[in-house]
Amino acid sequence: MLVKRSSGKTSRGGLARSLAGSLDSGVSRRGFLRRSGLAAGGIAAVGALPGAMIRKAEAGPVLPNVEVVTRKNVCTHCSVGCTVIAEVQNGVWVGQEPGWESPINQGTHCAKGASVRELTRGTRRVKYPLKLVDGAWQRIGWDQAIEEIGNQLLEIRKASGPDAVFWLGSAKFSNEGAYLYRKLAAFWGTNNVDHQARICHSTTVAGVANTWGYGAMTNSYNDIQNSKALVIVGGNPAEAHPVSMQHMLRGKEHNRAPFIVIDPRFTRTAAHATEYVRIRPGTDIPIAWGLLWHIFENGWEDKEYIRQRVYGMDEIRAEVKKWNPDEVERVTGAPGSQLRRVAEALAKNKPSTVIWCMGVTQHTVGTANVRALSILQLALGNIGVAGGGANIYRGHCNVQGATDFGLDVSTLPAYYGLAEGAWKHFSRVWDVEYDYLKGRFGSKELMEAKGIPTTRWFDAVLAQPGQIDQPSPLRAMMCFGHGGNTVTRMPDMVKGLEKLSLLVVADPHPTTFAAIKERRNGTYILPTCTQFETDGSRTCSNRSMQWGEKVVEPIFESKDDYTIIYLLARKLGFAEPMFKHITVEDTRPVPEDILREMNRGCLAIGATGQSPERLKLHMKHQADFDKITMRATSGPCAGDYYGLPWPSWGHPELKHPGSAVLYDTSRHVMDGGGVFRARFGVERNGVSLLADGSYSKGSEIEDGYPEFTMAVLRKLGWDKDLTAEEMRVIQAIGGKDIDTVSWQTDLSMGIIRVALKHGCVPHGNAKARAVAWNLPDPVPVHREPIYSPRPDLVKAYPAIEDRRDFRLVQLARSLQFRVADSDLRQKFPMVLTSGRLVEYEGGGEETRSNPWLAELQQSMFAEVNSADAERLGIKDGAWVWVYGPEDGSKAKMRALVTERVGSGTVFMPFHFSGFWRGDSLRGNYPPDTDPIVLGEPANGVTTYGYDPVTFMQETKVTLCRVEPA
Amino acid sequence: MARMKFLCDSERCIECNACVTACKNEHEVPWGINRRRLVTLNDGKPGERSISMACMHCNDPPCAAVCPVDCFLQTADGVVLHSKDLCIGCGYCFYACPFGAPQYPRTTDFGSRGKMDKCTFCAGGPEPDGSVEEYQKYGANRLAEGKLPLCAEMCSTRALMAGDGAVLADIYQERSLRRGYGSGAPGWSTAYGRNDRGSPFAPGGPATGGG
Amino acid sequence: MKTEPVPQLQRRDLLKSLGLGAAGAAAATVLPGGEAQAAESPQEQVKTRYRETEHVKRFYALNRL
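Residue numbers (my numbering), protein chains in the order written: chain A, 2 to 966; chain B, 37 to 247; chain C, -2 to 62.
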């Protein structure tokens, strides 16, 4: 370990010592953890290796004389979408090579991506279906598993209705898997279907969709190379999206761009910043308004852009006026002079981009945070501009796609929502009677009511009938590809888990859910393969869709998501209508067919042009795509943007190239151009919501316009451009009133085609909304967290009023005031926040089971500032207890004494589980499936607090106390 | 003649450990043996910098100088290899190496530490190139396949480079010119003075408290 | 990727090129196996292995971006 030196100088001896591995002693995160580890069960300890050679005489990965096949897939960890090149021999994945051609990662990987081959060796994977009987795991067969699970589901349905089952899907599904799972829930008859987006970027989707139309990153990782300034708020891409840093650091170097990090924690990303702003956790809105205060004060805003393309900025000005530098510093801790410097850097180095991640989204004010940053970018005129944009880094490899294709309690695929019109659209897409679908639900009201989100499922299990706006509390959970330690308030989660009559975990790993000792019966584990053992498409953060090719067959007895979904649908009795237009080979639905069905129906986001054939062609010809613009300059894909980032309007035959930068008026719509979506009407209180004199290049309407419907086409006289066949479809859909058929529901895609022909964007051309009147806070306002460390600010900046939503009660202000008025602050004097490590992902079961990664992070830890540590008598590497303010919660872990967190702040990574209040749960895992590294889950001590728009959980601010153990 | 070198650009290195796991993956390096690792200076403080370290394939390797059984060999392109058949696990090379590169399967105060293992620049060992025996003792031989060490090929931010030292120096010079300042690495100011030109926002500049 | 003519056994490249088009078939790719080879002479052991192949050139080019 390196000797700590204030000057940063080192000596030869020091360096050598630092490299001596487990012999070292030092202060860096990994150095200390390496020392502290080595208690890992199930691993051949170093001393046990044969002394003669480091490796037994087992065959090496690549054998001479055996054919090597190369296959191309996409990394299954984060949303960057790195191409993985796999070398396969005899059906075994034996080597990973860099994929130079990928325009995204260009051959590079992070620790996780460079280790994915291990997933298909799978020594710690679930190998066969399992059933928990009186606390013991029994091996069973697939037939028995599906039969028993299906029978119990049908019993629950009969007794308590379809809403008593919670269907939790996954951001690690392919797009086709996500869509199929949403369809499964629809055919089962519930909207209680959700996935990880709820807990990572649901507030982003709600926030940006309510601002300018679509819930997605506006530009791309690559495009950041065009940015003249970057600001990263509440994000740590150096650990969470390492390969994105390739583009960011190149942009920084080429453009000499100010690289600004705003975060409570001096992250590894901040280590590469030109300016680091430390803020108190949970004060992002005051920061955004504090920056805007300087921008407005100095007239740095883009006045013409605002006039043409933004609605309601004056109301923002009024709110921003309150956030003068003194008030901002009082609330956030960031000095006014520093914020002035940041505001100036953003305003004078344009285009500038704002990047955010879960430090912004996972708050009780998550949606408002997102909106505030979006408005900051609108004021600077940075949206719809290459090099600008709101570059929102999504989390999992397919969280964007799983969100797009409807794994959400509030919408059908492609954000159609749950209203009758949406159901009628999908009943046409699925070719089933609307009345059949309606009959599957408890009632028409339940069919159109938002379901229970994954952050609160256990509240819905524990609720008394009457406390919950559905006929029965939840009784069963079907959990596909989702960790059990990722949601706050784990002590309550454990109570909910205990009460469920049926729990089904379909996952490559048993997950935390399977290791909770309170549960002794009624759990099934279905071994599910990874995306390397099947094929299908996934959408990266920048909306590019990439087709992954099966590398090897599913290992052990595992099956892919498609097959498991089919087996369940068949057992539950609706496979026939559900797979009417999807080929099923044996029991495996063909993903290409699923994608074709999605292409037919997902008009609203332009997920129609990405046919399986086009996506496969892109993967094959990756080398033809430019590494910054992501546009193919030659070959069969010439003109296309890589992965046809949605919207790729119309039929695949229309060859729309995809849209690399959303809302970019400098391009023709057929060239990837766009405008803000007209989603909220054409006028409000006498003020037009349509764009004023701004339109995409080549538009025949040189002004704002509403979304296209038959009525609009007729008014323009463009209905004559529709073909007879298109008219036939429109008439079939519209019946007597074809005027209401819109670009979103016209399955012939004729309306879209005609709009494009005239250079218009099908979704209309509106202003972005600085004021979103349909949200709880139309203008984002600062609200202190529920567990605020500043009771003195709570009355001035209170939480939202208590309310009901998503079928449940949401406490907010009452709880916040109770906390502020109590002596909790004295008992729990530190702020607790959480985040990621580069080696692990999500709940961490998969990555902690990978020896190449697990070796690098062997202990759960809490970062404690050195001043606090000295005061509390905590030594670096020593065991500490972290106490939380709810339920007597506590967790035991090691202390990492560091300057990375400010005094008064404690940071914990959220990837650990398998310990509970000091006790190991290793024995509760099914045999040989326990991850190599276990640790206390951060969510063992996190607390109540939800965003009002999406029920996003608050993970970034609560209170805690740390004591030496 | 090209000499094989590693160069880690600390302005780019984000300590993501891709190099470490790529190495583990390519050579199936067992738990506890670290042919490559990250070193971070000023962890958690302004001026924090990381570099990826392994055997540096010295021109005049001190490990070879002290080896009592003369198990080291250096190839014509500068790669330092060793023979596990000859190695007696005495550990002298560990004390001689300024970078802590040699690794041993056993930790012991007395007696053999087992056969030494270290980075081979993905060039295998004395056994025939690409043979099973070579793989089992030393791992893959990418260099013989016309490739470079996988750690560098997969580096997330193109911080770690490997290959012909002259080419790498050239690439690094291009980067420095583009940035408008020299290495922000700790030690740079000691060696080259504190007055780096360029923006005050430059890493290592006064705005970040580094330098 | 281009396979260059070189004297050494091109373990993966050689095997890959032989594997081309042999999908599905238990291709008869019997090569002089590793076992069959004689040990390298001291001169062979220290010979140059580095070559500036297309693969290597692409790596350098990407580092210049």
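The reader is advised that the hints may include incorrect statements.
[What the hints assert, rightly or not] Straight-line distance between alpha carbons at most 20 Å, and here's what the computed SDA-like set of lysine to any residue pairs gives:
hint, chain 1, residue 1, chain 2, residue 2
1, C, K54, A, G903
2, A, K229, B, F135
3, A, K229, A, N256
4, B, K81, A, A868
5, C, K54, A, E701
6, B, K81, A, D627
7, C, K54, B, L204
8, B, K81, A, N256
9, A, K758, A, E701
10, B, K41, C, E37
11, A, K628, C, Q42
12, C, K54, B, G216
13, B, K81, A, D672
14, C, K54, B, Y128
Just so you know, the hints here were simulated from the structure itself, not pulled from any lab data.
A quick look at each hint next to the structure:
Distance hint between K54 of chain C and G903 of chain A is unfulfilled; the C-alpha atoms sit about 45 Å from each other, more than 20 Å. A threshold of 20 Å between alpha carbons decides the hint, and for K229 of chain A with F135 of chain B the separation of about 39 Å lies outside it, so the pair is violated. Using a Cα cut-off of 20 Å, the hinted pair K229 of chain A and N256 of chain A holds, with the two alpha carbons roughly 6 Å apart. At roughly 14 Å between alpha-carbon atoms, K81 of chain B and A868 of chain A fall within 20 Å of each other, so this suggested pair holds.
Of the pairs offered as hints, the one joining K54 of chain C and E701 of chain A is violated, with about 48 Å between alpha carbons and a cut-off of 20 Å exceeded. Annotation: proposed proximity of K81 of chain B to D627 of chain A is violated, straight-line Cα distance about 37 Å (limit 20 Å). For the proposed pair K54 of chain C and L204 of chain B, the alpha carbon gap of about 12 Å is at most 20 Å, so the pair holds. The suggested pairing of K81 of chain B with N256 of chain A is violated, with an alpha-carbon distance near 25 Å, which exceeds 20 Å.
For a cut-off of 20 Å, the pair hint linking K758 of chain A to E701 of chain A stands: about 9 Å separates their Cα positions. Taking the CA atoms of K41 of chain B and E37 of chain C, the gap is about 24 Å. The hint is violated against a cut of 20 Å. Using a Cα cut-off of 20 Å, the hinted pair K628 of chain A and Q42 of chain C is violated, with the two alpha carbons roughly 40 Å apart. For the hint pairing K54 of chain C with G216 of chain B, the CA-to-CA distance comes to about 26 Å; that exceeds 20 Å, so the pair is violated.
Restraint check for K81 of chain B and D672 of chain A: the C-alpha separation of about 46 Å exceeds 20 Å, so the hint is violated. The hinted pair formed by K54 of chain C and Y128 of chain B fails the criterion: a straight-line CA distance of about 38 Å is larger than 20 Å.
Of the numbered hints given earlier, the model fails hints 1, 2, 5, 6, 8, 10, 11, 12, 13, 14; all others are met.
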